[in-house]
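Protein chains in written order, with my numbering: chain D, 1 to 524; chain X, 525 to 823; chain W, 824 to 1152; chain V, 1153 to 1481.
These aren't lab readings, by the way, just hints derived from the structure by calculation. Just to be clear, a hint being listed does not mean it is correct.
What the hints assert, rightly or not - The list that follows gives simulated cross-link-like pairs (lysine-lysine, DSS-like), each with its CA atoms no further than 30 Å apart: (1) D:31 - W:943; (2) D:339 - V:1341; (3) D:233 - D:200; (4) D:87 - D:405; (5) D:333 - D:390; (6) D:393 - V:1341; (7) X:703 - X:688; (8) D:282 - V:1359; (9) X:795 - X:563; (10) W:1030 - D:42; (11) V:1371 - X:585; (12) D:75 - W:1030; (13) D:31 - D:398; (14) D:405 - V:1359; (15) D:279 - V:1270; (16) D:396 - D:264; (17) X:815 - X:665; (18) W:1042 - D:119; (19) D:31 - D:264; (20) D:405 - W:943; (21) D:405 - V:1371; (22) W:941 - W:1030; (23) V:1242 - D:279; (24) V:1341 - D:405; (25) W:988 - W:976; (26) D:139 - W:1030; (27) D:257 - D:350; (28) D:31 - D:333; (29) D:282 - V:1270.
To be verified - Computed far set for chain V versus chain W, every beta-carbon distance over 10 Å: (30) 1183; (31) 1193; (32) 1244; (33) 1259; (34) 1267; (35) 1316; (36) 1331; (37) 1340; (38) 1342; (39) 1344; (40) 1457.
Nothing here was measured: the structure is a model prediction, and the numbers come from that model. Ideal Cβ positions, reconstructed from N, Cα and C, are used throughout, including at glycine.
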Amino acid sequence: MNKDLIFTKGVKMQEKLVEIRNINKSFPGVKALVDVSLDLYKGEVLALLGENGAGKSTLMKILSGVYQKDSGSIKVYGKEVEEMTAKRARELGIAIIHQELNMCSHLSVAENIFLGREKLKSGLLSDNEMKRETEKILKRFQMDIDPDTIVGDLSVSKQQMVEIAKALSTQAKILIMDEPTSALTSKEINELFSVIKQLKAEGCGIVYISHRLEELSHIVDRVTILRDGQYIKSMDFASTTLPEIITYMVGRELKEKFPRVESKRGKTILEVNHLNAGKMVKDVSFQLREGEIVGVAGLMGAGRTEMTRAVFGVDSKDSGEIILDGEQVLIHKPKDAIKAGIVLAPEDRKRDGLCTKLSVKENISLPNLDLLCNLLGVVSRSRENGMVSKTIKSLKIKLPEDTVKAESLSGGNQQKVVVGKWLARNSRVVIFDEPTRGIDVAAKVEIYNIMNELKQQGVGVLFISSEMPEVMGISDRILVMCDGRITGELDTKDATGDIILSYATKFDKKLEDGNRESQEWRQV
Amino acid sequence: KDKGSVTTDSGSKGESYKVYLITMDQMDQYWANIDKGCKKAVDELKESGITVDYKWSAPDKKDDAQQIEKINNAVADGAKAILLAANGPTAVNASLKEAEAAGVKIVYVDSPADYPAVRTLTTDNEAAGKTAGEKLIEALKAKNITSGDIGIISVNTSTDSTMKRENGFRSAFEGTQFKILETQYCEGEAAQSQNAASNFLAQGCVGLYGCNEGSTVGVGNAIKEAGGSVVGIGFDTSDAILELIEQGYLLGAMAQNPSTMGYEGIKTAVKAIKGEEAGENLDTGVTAVTKDNVADFKK
Amino acid sequence: MNLAKKMKASRGMGQVITVTIGLIILCIVFGILNPNFFSGRNAGNLFRQIAPILLIGVGQSYVLITGNIDLSIGSLVGMSCMVSATLMTKGMNPWMAVLLTLFSCLLVGLANGLLVAKLKLPPFIATLGTMTIARGIAQIVNNNYNTDSIGEKAEGFRNFFYYGKSFGLYNTIWIALVLWVIFNFILSKTRTGRHIYAIGSNLEAAKLSGVDIVGTTVKAFLVSSICACTVGLIICATSGMGTMDAGNGYELYAVAASVIGGVSTLGGQGNILGTIIGAAIWGVLQNGLQFVGAPVAIRNIVIGIIVIVSVLLDVIVRSGKFHNKAIKV
Amino acid sequence: MNLAKKMKASRGMGQVITVTIGLIILCIVFGILNPNFFSGRNAGNLFRQIAPILLIGVGQSYVLITGNIDLSIGSLVGMSCMVSATLMTKGMNPWMAVLLTLFSCLLVGLANGLLVAKLKLPPFIATLGTMTIARGIAQIVNNNYNTDSIGEKAEGFRNFFYYGKSFGLYNTIWIALVLWVIFNFILSKTRTGRHIYAIGSNLEAAKLSGVDIVGTTVKAFLVSSICACTVGLIICATSGMGTMDAGNGYELYAVAASVIGGVSTLGGQGNILGTIIGAAIWGVLQNGLQFVGAPVAIRNIVIGIIVIVSVLLDVIVRSGKFHNKAIKV
Ligand SMILES: Nc1ncnc2c1ncn2[C@@H]1O[C@H](COP(=O)(O)OP(=O)(O)OP(=O)(O)O)[C@@H](O)[C@H]1O
Ligand SMILES: Nc1ncnc2c1ncn2[C@@H]1O[C@H](COP(=O)(O)OP(=O)(O)OP(=O)(O)O)[C@@H](O)[C@H]1O
Ligand SMILES: O[C@@H]1[C@H](O)[C@H](O)OC[C@H]1O
Ligand SMILES: [Mg+2]
Ligand SMILES: [Mg+2]
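Next comes chain D alone, as it looks inside the complex:
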């Protein structure tokens, strides 16, 4: 048995909630977990760390009964659990927030939160009671969401908040959070952290999975690190450092977190003038020059995604013009944009980024078939294989072979496919909407390097991110959006977190009136 597991210092050696030993799990073609062990104590937050595809989600899905282990043992509250099913896990007080959103999008917030454990009154649904309870839970979270709202109408980040609220509402003793913050912005993250601290105080054990290593220091007590499906190490968080953690994760030292390259800013490539689209894009104007990375910062719902979608032709524009290399281009659908040389890697990979039932190869070649086929439209196998293997290699996408379905990849590797499929063509402008969401540190650096490379090739890069450090770390110039408008533009040299935040909350005054809903739909 591994020493680190038993001799951990710092945290009071309290009751063990979970003891996982020598778990093995294979999928066709992949050994996802090899002899992995893990402990979780009462009242602690354990960070489960590792690169994309290390097996974190798989391990947690086994603990919560979604997958069955091939071998190994799981003890909960000191008792061996032979067959862990989803039902058994629930009974044991294990709750999990999955990495991917898992909501019934046609149902309301309250209906989702109480799904499977509806409150009844004389045998009938007691919707009012469930609504009241929901309101309570949401309030505890400072979330201002109407319990009656249909979940599908919420933005991704709000859906994520509902998902969190749902797990919290079960009053679990063992709570697993698989990248809960990947879709949240700083405000919600802070709220989440205060809830986590409260839960910890109540004796809850929390397994916390995240690729945002900076946030660990706020909540984490211990870390357990996996690499390539194998157990590497457990440590007290207080007695280690981020670089050390990263070295264990990656298996080597990572030199620079935000590699920067300089290149000469050239002429203006893209000019967006007075763009209006729907309710969330209002009079947006900006320019993008050859060889620069422009970051777009903002809070949840600032309209950044909507803006990119309008530029790319996914959503229709009400007015405004787009000028590429000095000439106005008419973009009615993504095809037009791609033809003109503007491409977009979208933020929601499951919904917009991947055909999950198709192979990785087909996903990568999908937007590039025009380059791969002859006049008759026949796709050249050899050219396709060449392009795909090059992309896989340059992004270090981890997979058994390129014919596996995209859905079988780990979240981070799926994200790499979403980005990678756009790199095979020579575009003038590449828009990245939250490209590092759910990606491990090493892979993040790879994505930054890709952006840098594009920049050096003279491509204009638009980089939307909700993580302030990376926006400031990688961009040359920063646009800030709030309420569908561009509220600020600054050179990275002059940027500080405070300035950006003040731009990002420029129209946020009304928030203080406790009137958030009207803020969202104020323009109506």
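Given chain D's structure and the hints, the job is docking chains X, W and V with the ligands onto it.
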């Protein structure tokens, strides 16, 4: 093994013929009666030392393409003769030509196609339809009704026999004050026919006519429910129809002799296979079943 | 404002409103072309013709909301009609026959649910299979013939399901209404109803939330088979005999009634209030077109256009093309 | 090993293998029960019966892979049969009539595609609508009657589509084979084929990858209408007249052939190699059951069971119950 086909015992009396009955569909008791006639003939022939390997094959609904398939399959299965109730006069002709080329003898029962056959055993549908019309007019007159709307329920326009019955019926009304409404085609389904019949009654029709078994059941039931003075008449003699006649809700129905068609059909087929003279075409006749003679038709 | 919000929140109510307006227009047109259409006599007649479509529509809606489809409905109608009639002609007490028929239909519903949820067959295939089998049973049960008349002894049965009236309305209509009320209640007020929506909306999420997928799916298919069974009994009572072909094509009418009424074929969306309107449109078209003496040939074209337009209107309204304008004004 | 891997990688090939084995067993059983089944005469006859099912199956597969469904196939068969026959009986040159018929069918296919992709109607409803309309057109085109014989002048046409042979095989079979090869090539080797899979797998993602959703959807529906049109012409050539009812119910046979052959009704999955087997199973059952003299009534039951079992086997195999064991051994 299977009830319809008697396996050839080649050792014994020698003669054995494979004969198919192919009907329009398989629903009505009418077809069952043809089948019964066939089986009766098969049994009789067996006693006289002739084994007939007899199979009844039918599409599940009136559909030309399916009927052609059934014919082709019968030929491929080595049938020596086919008794056929053709959906319509033309559709099956080319496949009959192929069948004939393969040496298969064709006998029509109930409804002939245009292609020449050994013999045709059928009824004069047009005349029978006209008779039905005349009976209806007569009955209305007896109630002092000489004008008003008349509703027809039929199968579909693709079935030749029922189209002839419709036309014959209409011809009886030439020169009268009655007005015949748009015919309702209900695929011979009893409940659907009844809906249409009820709609006719709601429109104030004074007389209703059903062109085949299912249509007639629908007409009878609708009248039964509405009560009153509406007169209905139809075709075929299923149990349900006879009951409606007996109770007085239907004036009557035109009875053909399906089992005679089947019985004579098999006998004719065997003769034709043997190369004997098949005989003249046969009109098996139509009887108007009314309250007066309905008892003769009950089993 | 508040009403509008409620409507929006309620599943698929928008479509119900659009389609209701369409229905009213249809009735007015038919009434102008033939005033008999509005006669008291036709009212009862018309409602009684709508009732079976409503019932199969309710059954199909349940299944569609779970994200599945039930193609066996039409054949179950036929099977119910033939099984009950055969038993009665063999001399069985009609109510006993009804019970046995219901039992046999429930078995098919159970099979549907298990094939789909337990054995994970695509619903289209599973119910295409049971559709063929149930039709086969309808045929084999009386040795491939329609039955004889179910006779005098069954008069009570026939009145109960079709010919009789209670409180001025045909029993058929009452039966449909009572079943509708029960099933609407289950769908909107009980846990089972909630779970039916949940598995149709996101099966995985529902499963992870501890919803009993197999049980819930089976329940939906059972409701569908109860509805189909009832329609089969109604048809048997109507014609007083068993017809092997009864219910042919009803599975698609059922889908039409559901979807026109706002149920999505993708699951998770809609309610059976809309199904009333969907069924009514279908029934009014069949009845009204006969009343105005439309030649059979153009009927199908008219029906087809109305089906498309009714749903299209809703799509346009929802897609916000009108919505935006309304706001701007 | 390598082959097995390849098979697995190829979309839905597992099912194709399972089902092919089932087909072989079926044929052996029929052959034992009635040796005539294997006669040379029946071979040609059988293949000629399979050809139309294969064609509509190919059309339906295209549409299913895009994640839609085409319920109008059967009616289009009827429309094609009636339009071509009516034109010929009115004295038009048969080949000219074929062209016009194709054109009219393509219009319906275009309408299907636009209703679904452009106007965003649920495919079930859009094609249920066009199904009814196309049947209405089939009826109205010759004033609600089947046509008269298309006459001597059309002998060439009839031989081309049905009665003639080339290189020892019936032309009908050649037509189906040639169309299959073309459509298989398009689906597996061209950009359009890729796009068809992509929109069936994830419409949004495909759109954001620059796939022309409307164009691609329309193309799939056009393929479906070309196939249906061809079958209508074959039927017209077969019976030498126009039948309004032709193709009734074919839309479901088409789904059966596709899905038995491994195409998913959820889109994005399957190929038309499997459709050959799916169509063959359907055809062999119809033909073989007649050969063994099975009473009509049990045919449906047998067919239903086989449809379910064939897909069930695949589900079991895929769910890995056998797989795991194989690995452990
Ligand atoms: N359902 C599945 N089928 C096949 N392979 C799978 C499946 N789920 C996970 N895998 C494989 O198992 C390995 C571990 O995946 P897992 O999702 O646990 O990684 P992870 O550590 O959560 O990564 P990430 O940080 O990217 O979410 C990966 O190689 C992945 O491709
Ligand atoms: N499907 C939807 N229905 C209703 N409102 C929506 C929908 N999607 C997004 N919104 C709203 O539109 C606004 C803009 O969202 P958008 O995703 O563009 O923001 P963003 O700046 O990209 O932030 P995020 O980091 O959340 O992606 C938000 O207020 C969001 O709530
Ligand atoms: O005579 C036949 C009989 O009436 C049947 O019921 O329908 C078709 C007719 O050809
Ligand atoms: Mg993960
Ligand atoms: Mg965004």
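These are the hints, each one checked on the structure:
| no. | hint | result |
| --- | --- | --- |
| 1 | D:31 - W:943 | holds (27 Å) |
| 2 | D:339 - V:1341 | holds (23 Å) |
| 3 | D:233 - D:200 | holds (23 Å) |
| 4 | D:87 - D:405 | holds (29 Å) |
| 5 | D:333 - D:390 | holds (28 Å) |
| 6 | D:393 - V:1341 | holds (25 Å) |
| 7 | X:703 - X:688 | holds (19 Å) |
| 8 | D:282 - V:1359 | holds (24 Å) |
| 9 | X:795 - X:563 | holds (16 Å) |
| 10 | W:1030 - D:42 | holds (28 Å) |
| 11 | V:1371 - X:585 | violated (33 Å) |
| 12 | D:75 - W:1030 | holds (24 Å) |
| 13 | D:31 - D:398 | holds (12 Å) |
| 14 | D:405 - V:1359 | holds (19 Å) |
| 15 | D:279 - V:1270 | holds (23 Å) |
| 16 | D:396 - D:264 | holds (29 Å) |
| 17 | X:815 - X:665 | holds (18 Å) |
| 18 | W:1042 - D:119 | holds (20 Å) |
| 19 | D:31 - D:264 | violated (46 Å) |
| 20 | D:405 - W:943 | holds (20 Å) |
| 21 | D:405 - V:1371 | holds (25 Å) |
| 22 | W:941 - W:1030 | holds (13 Å) |
| 23 | V:1242 - D:279 | violated (59 Å) |
| 24 | V:1341 - D:405 | holds (19 Å) |
| 25 | W:988 - W:976 | holds (19 Å) |
| 26 | D:139 - W:1030 | holds (27 Å) |
| 27 | D:257 - D:350 | holds (27 Å) |
| 28 | D:31 - D:333 | violated (42 Å) |
| 29 | D:282 - V:1270 | holds (27 Å) |
| 30 | 1183 | holds (24 Å) |
| 31 | 1193 | holds (28 Å) |
| 32 | 1244 | holds (21 Å) |
| 33 | 1259 | holds (14 Å) |
| 34 | 1267 | violated (7 Å) |
| 35 | 1316 | holds (34 Å) |
| 36 | 1331 | holds (24 Å) |
| 37 | 1340 | holds (23 Å) |
| 38 | 1342 | holds (27 Å) |
| 39 | 1344 | holds (25 Å) |
| 40 | 1457 | violated (7 Å) |
Comparing the model with each earlier hint shows violations of hints 11, 19, 23, 28, 34, 40; every other hint is respected.
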